[in-house]
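The hints should help you fit chain B onto chain A, whose structure is shown.
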Amino acid sequence: MAVMTLDVDGASHRLDVEPEMPLLYALRDELGMNNPRFGCGLAQCGSCTVLMDGQPIRACVVPVAAVTGKVRTLTGLGTVGEPHPVQQAFIDEQALFCGYCMNGWILYAAALLERDPDPSDETIREAFTGLKCRCGSHSAILRAVKRAAATLSEQEG
Amino acid sequence: MGWYDTAVKRRDVLKGGGCLVVSLVAPQARRALAAEDRPLWRALSPGQLDTYLKIDENGRVTAFFGKMDMGQGVDISIAQIVADELDLPMDRVDVLMGDTALTVNQGGASGSTGIERGANPLRNAAAEARRVLLELGADRLGVEADEVAVAEGAVYLRADPARRVGYGELIGGGHFDVRLEWNGRYGNALDALGSVAPKDPSAYRVVGQSFPRRDLPDIVMGTHEYIVDVRVPDMMHGRVIRPPVAGSVPVSVNGDSIGAIAGARVVHEGDYLAVVAEREWDAVRAAQQLEVTWSEVEPPFPEMDDLYDHIRRAPVVRESAGGPWGADVAPDRDAVQAALDRADRVIEAEYEFPFQSHASMGPACAVCDYRGDSATLWTGSQKPHHAAEGVANILGLPAGNVRGIWVPGPGSYGRNDAGDAAMDAAVMSRAVGRPVRVQGMRAEGTAWDPKAPASVHFARAGFDEAGNVSGYEMRMKGFSAGDTDSNESDPSHSYAGALLDWPNASVHRLDNQGDLYEFPVNVRYWQTIAPLLERASPLRTAHLRDPLGPQIHFASECFMDEMAVAVGADPVEFRLRHLPEGRDADVLKAATERYGWEPGVPGPTAPPTGGVVTGRGVAYTRRGSPVVAVIADVEVDLDTGRVWPRRFVVASDQGIVVNPLWLRRTIEGNIIHAASRALYEEVQFTPERVTSVDWISYPILEMADAPEEIDIVLVNRPELPPYGAGEPSTRTVPPAIANAVFDATGLRIRRAPFTRERILAARRSADDSRSSQEFS
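Taken in sequence, the protein lines are chains A and B. Numbering-wise, the first sequence is residues 4 to 160 according to the numbering used here. Numbering-wise, the second sequence is residues 430 to 1205 according to the numbering used here.
Pulled out of the complex, with its shape left as it was, chain A reads as follows:
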């Protein structure tokens, strides 16, 4: 066991856990958070995605000791009253079914639009490599990301 500090969604937490414990279990069990979620435990699906210093990582395989930056979860991205443009676009497009995989899609989309506010169809598809959705919301997700990009460019303009 080792004591360490985690910065999650703007709050600082002290933990006393095995250093090799994946971040996912630390967030869920030690901090009692409901995001992210276990999908595969193998970094193959994205259900456990969080941002570390703005970059998506797979919390199911990153040991808690390796988390050196600030963690942001889907819950920390926006709220119903103040949604992130990507979240609003997913609502507008009704772009999910069961929604279990949404941590990955929304956080990867937010990170993508951060570095490329006007991505091509090909860039969007590439940015989502390695994310899974079992219910078949892919087409709706593509529409949502394009809508979010349009919203952001309007805001910029």
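In case anyone wonders, no lab produced these hints; they're calculated from the structure. These numbers come from a predicted model, not from an experiment. One or more hints might be untrue.
Taking CB as the label site, the calculated pair distances span [as the list claims (entries may be wrong)]:
no.: 1; chain 1: A; residue 1: Lys73; chain 2: B; residue 2: Thr652; range: 16 to 24 Å
no.: 2; chain 1: B; residue 1: Gly637; chain 2: A; residue 2: Ser156; range: 31 to 39 Å
no.: 3; chain 1: A; residue 1: Leu45; chain 2: B; residue 2: Glu581; range: 48 to 56 Å
C-beta: ideal position from N, C-alpha, C; glycine also.
Chain B only, in chain A's frame:
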């Protein structure tokens, strides 16, 4: 079943669950319960109006729905239907579902019947409630019933609309105490009639409009509660220990091997083995570290390469030319043989479809709190009533003593691993005397879930001299559509139950082709074969989104294309030639019109030599009442073997359209899920075990290969009831893609999935046969 009618027993159940029940139900249930000071005040009988509807002091309506929504907005459509019957705006109707103490068993999510059958009792109850409210309103206003009318949730005097009284004032919080005529059935068949008929569809104002889902904002904000998020005080975490060879059982277990993990314990009952621990990560580690000696068994499965020949060789257990329900019908083999013997020309083809996994986004999760004489189950199962009954059975409790509470899970398309997880949590909770949460690892959602069955389809057609079809035969042979019943109430049909020696109760279920093709002799039948392993098999079969639909129609609709090619016909025209006038032909025409279909015989004019080629493929199917036609545009890269279904045009007749927005979404989801199954999905196994254990060994469609466009034509039929849409378009997709691949390449792919390797192999084989022809 008596407990549904006995309010007293239900109160006992609530006590059994304790106060934590109320704090941990799904968010939508929690909201309704908070507003309800006596949560179980209603007599939960299917023959009581109050079972389905409650109107609070503010005139807000809660509809209690005994089926389920699995992310397709079924509950929204239920709200629309209830709103229309009660003349209410949509935002004053809530729908509560998934709690066995608050809803009657309407069968959960099952066969796309959520609206088709599930809405009926609620529509009838709402119509009846409207009648009662009119009478109460007239009474309150001191006039005759024919002097009042209803609008916007209030009864008003026709002669003076300012004189009005709202529903809340009339009944708010109280009982209707009105009986409905219940048909005595539970599950999908449950229905209840009121004394008045529901509205004519021409009077609908809310039905037919698009409404968004209500749970969606919470989901995208990450604040929606899923089954994996349920936490109960004093809860432990469990993991099932699976054998290295399917069918093998634990002989001895070294508990000391997990001694270093504080609080970790072994649960070993009969041949069932699991570990529980205080923290989830500890349970994961204990499952990895536990040392077990397993029994030596003969590897139960054939070599993967031998699967289809095994099916061809295996003795037939059940055979029928009928459908899945009712008495078996003997196929008239003599008639079809005679027709084919007389034919001028006969074509034959065989099609093969693999085992497929539900592979839900997360492995199933359940929490069970066993309290000696009662239990509470939190489950992501799409049939919470049946799952709770199953838990009662495996725990030896009366059905009424287990409350099942549905909390959204990681996707559900049939009988996936959720039913097993419910049983696992129950067995472990009983063993340790504390609530236990179970969630599998990835392999348990992919390797150990019940599978969609593998099958081989033998097609023959005869033509007369003029090229008319003179005889048609489709023989389908494969594993049962579900030796694991989709109803989760029988522990025999669960992994834990099998290992705790519940008797084997395999179900030999089959199905038949869904279309209205008319041929002079037209024989189609299904043959089932025995499971490869009777007990606790990772290749148990069960319902997966449109059970047997993709298998059967991959064969039948590809063969229709082969028949069209054989007589040099356009595949749309050829289909229409054999379809009667009506909804089926209309749907096919609607798809071709939207597509802009120019007639032509499928296939390239010359064999393509490489690069990317394009093609189009059509398929039409019927699933009971709903009718779907799909046209797929594909790109095939002959150098890499990649098939990209770039565009789909879909026409769909689901009867009256209730919520166009979510009907479209639902069809879109079906199309993409089915494209994934057609192109990528095949459960891998060795003689010892299933080797599809993750997303590498069980690949599915990813964003790079998602279609660019899915263009959907909704053929609205306001004169018909609403039919299910959750599955029907699924079966139309594999043949549409395969037919498009043929059109692009001239390669007829008769084995699913159409992987890159298979396309390249088919191309090599075509090249070889062409060059051998050239040299001969």
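>> If you test the structure against every hint from before, which numbers come out violated?
In response: none
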